[in-house]
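In case you want the letters, here they are:
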Amino acid sequence: MTSSKKKTIFTAAVLAVLLAVCVVVDMTLPSYHIVVVVIKKATVYSLVAVSMNLLNGFTGLFSLGQAGFMLLGAYAYGVLTIPVDKRASVYQYFDGGAIQFSLPEIFSGALGDTVGTVVGMLAALLVGGILAALLAYLIGLPVLRLKSDYLAIATLGFAEILRAFFQWNTLGPITNGSNLLKSYPAFSHATPYVILAGLMIAVIVLLINSTYGRAFKAIRDDEVAAEAMGINLAHHKRLAFIISSFFAGIGGGMMAMYMGTIAAAPFKSTLTYEILLIVVIGGIGSITGSILASFLYIFSSEWLLRGLDAGKFLGISAPSVFKNGFRMVVLSVIIMIIVLFFRRGLMGDKELPDLLDRRPKKREKEAAGK
Amino acid sequence: MSENVLKIENATMQFGGVVAVDNLNLEINRGEIVALIGPNGAGKTTAFNVVTGVYQPTNGAVWFQGEKIIENHPQGKMKKLYKGQHDGEYTHVLAPTPDKVTKLGMARTFQNIRLWKSQTVFDNVLIAKHCRSTSNVFSATFRLNRKEEAAQREHVAELLNTVGLYDVKDELATSLPYGKQRRLEIARALAAEPKLLLLDEPAAGMNPQETDELTAFIGEIRDKFDLTVFLIEHHMNLVMGISDRIYVLDFGKLIAEGTPAEIQNNQRVIDAYLGVADDA
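Chains as they are written, first to last, in the numbering used here: chain C, 1 to 370; chain A, 1 to 280.
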């Protein structure tokens, strides 16, 4: 069996097991259970982290605008899916808002209630992604001329501006100003999140392994050589930026789904940093690394280390030490340890199936030396 | 019919007060191997960069296969600084980026090897094929371009066989020994399907034996791929052994042109660059 075949089987097996676990969790635990919530959140973070990795890790564009595009996706989702009869109460300060339709309801009329609602929700996610992609195109025109840190600062600034813009009262009839958007439909189980994010990530993986993905990596490795070999830098950078933002927009919509309410506040630059942290811990240039890191990060910060804040951890009861905030202290120490011992992240630029290779070259060389 | 592949016309490249290339005129015919030599800092690589679109010349034009691809005239601050004799002769600005020049059919290698470090030997060559692919990002992502991709992979394998790197195709490009990295760079340039191959010091850092191999190799690929070769080199063995014609630059100015025998006996070239006695 060739090694690539082995890897495909390995990947398929891992995915099947994960999906099965997820379905079992959904059937046995209520949807408000912490495990379900944590899976949802980690899945959404995985998607956004992978989209950020596409840009930062594979194309070498250090952008920090992720939260801005997520914000756009989240708002698009909320605005398009709130049921019409609930709009009066949600937009109570803006006379019921300017938009008087709801995609799930439109599709329910044509496709029946359940299917229609789901299709409407997916359509709203897609619209969010497309809006984010459009915005990325416009922002990319001036911003992608910048390099490294300057690009990061410009995109970060833009994301903050967007957040302020969405809270602007004049836009209230659409965004509800600084008030919450709520009452929109959402998947309560974890499985739909896993399937949806899994499909998106699969598309990104396909892209990365295509001729365009290779061109992105060439730009990351050596821009001058890439341009000399006929790769149009402006075009390809813009493409990577747009695609990454598209998936960040969809990730934002999914984040809105599991949060239950939408406000501009959670989409601060801290969110971008959190995702950047996941990307770095997982390994810049590794898809499985990003996924692994988001699950580890979300699981430990939201669930496994909870006890550190609540007074009791691993059976040790020490209310005087395990106070509010101690969890973050421990988490920071863990992150520092990871960064110190895994300089290039948990996975480096390898993927999980690559571990099957077991570095035969080095051993052969050693054997030949002896 | 003009068999002129490359023509550089009155090209001047000025950086502020420094004239790196001064009124360079040069013609390369189809199938020729032409060398550009000169002492360090003579402006050889700058001339390459002007031809491949990295720099916009201050004044002058570049013709490729009978078509004017680059033209510029001094503008702004350069207009005040420019003291050339061809004032006002060029009025348009044609400034393609290097990727467009490559698509037209020129491919180059670099003086300091610039391979894509994290990629394998095979992928390094395959990426250079990207500019020849007709797929868009959707068809590429969803593998609707399978046929084209398979053809590209086949071509890359063939190319690697030709340059003798097929057995190391899955190694990282940077893990290769120096001489093979040079070969890989040439293979990568060939993958872009050029008519004109520009080699910037292909033998730099090579020992005499490797240089001899390279000399033979350049001749081989010229015949096999129906190429025209334009090269910069300091190894006189290689230059004299392979070139049909030689241009000599000194301080940005062309001081001589001719066959290897003519150049070897040209007093100005000997004074400026070759020197006397030794092994030249």
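Just so you know, these hints were derived from the structure itself, not from any lab.
Careful: at least some of the hints might be erroneous.
As the list claims (entries may be wrong) - Straight-line Cα separation of at most 16 Å, EDC-like style, residue types lysine to aspartate or glutamate; simulated pairs: (1) C/6 - C/349; (2) A/68 - A/27; (3) C/350 - A/67; (4) A/117 - C/357; (5) A/195 - A/223; (6) A/195 - A/171; (7) C/147 - C/26; (8) A/117 - C/349; (9) A/79 - A/67; (10) A/169 - C/222; (11) A/7 - A/87; (12) A/117 - C/221; (13) A/180 - A/149; (14) A/100 - C/351; (15) C/5 - C/354; (16) C/147 - C/222; (17) A/68 - A/89; (18) C/6 - C/357.
Hint check results:
The hinted pair formed by residue 6 of chain C and residue 349 of chain C fails the criterion: a straight-line CA distance of about 20 Å is larger than 16 Å. Restraint check for residue 68 of chain A and residue 27 of chain A: the C-alpha separation of about 13 Å stays at or below 16 Å, so the hint holds. Taking the CA atoms of residue 350 of chain C and residue 67 of chain A, the gap is near 46 Å; set against the 16 Å cutoff, the hint is violated. Annotation: proposed proximity of residue 117 of chain A to residue 357 of chain C is violated, straight-line Cα distance about 20 Å (limit 16 Å).
At most 16 Å may separate the alpha-carbon atoms for a hinted pair to count; residue 195 of chain A and residue 223 of chain A meet this at roughly 12 Å. With a CA separation close to 29 Å, the supplied pair residue 195 of chain A and residue 171 of chain A exceeds the 16 Å bound. Only pairs whose Cα atoms come within 16 Å are accepted, and residue 147 of chain C paired with residue 26 of chain C is rejected, the gap being roughly 45 Å. Straight-line distance between C-alpha atoms of residue 117 of chain A and residue 349 of chain C comes to about 13 Å, which keeps the hinted pair within the 16 Å bound.
With a C-alpha separation of about 26 Å, the suggested pairing of residue 79 of chain A with residue 67 of chain A is violated against the 16 Å cut-off. Distance restraint check for residue 169 of chain A and residue 222 of chain C: the Cα-Cα separation of roughly 20 Å exceeds the 16 Å cut-off, and the hinted pair is therefore not satisfied. A distance of roughly 19 Å separates the Cα atoms of residue 7 of chain A and residue 87 of chain A; the hinted pair therefore is violated under the 16 Å criterion. The suggested pairing of residue 117 of chain A with residue 221 of chain C holds, with an alpha-carbon distance near 6 Å, which does not exceed 16 Å.
Between residue 180 of chain A and residue 149 of chain A the alpha-carbon distance is near 25 Å, which puts this suggested pair outside the 16 Å criterion. A C-alpha spacing of about 34 Å is found between residue 100 of chain A and residue 351 of chain C, which places the hinted pair above 16 Å, so the restraint is violated. A hinted pair counts as satisfied when its Cα atoms are at most 16 Å apart, and residue 5 of chain C with residue 354 of chain C qualifies at roughly 12 Å. Between residue 147 of chain C and residue 222 of chain C the alpha-carbon distance is near 13 Å, which keeps this suggested pair within the 16 Å criterion.
Our distance criterion of 16 Å between C-alpha atoms is met by residue 68 of chain A and residue 89 of chain A, whose separation comes to about 14 Å. A hinted pair counts as satisfied when its Cα atoms are at most 16 Å apart, and residue 6 of chain C with residue 357 of chain C qualifies at roughly 10 Å.
Violated hints, listed in ascending order, are 1, 3, 4, 6, 7, 9, 10, 11, 13, 14; each of the other numbered hints is respected by the structure.
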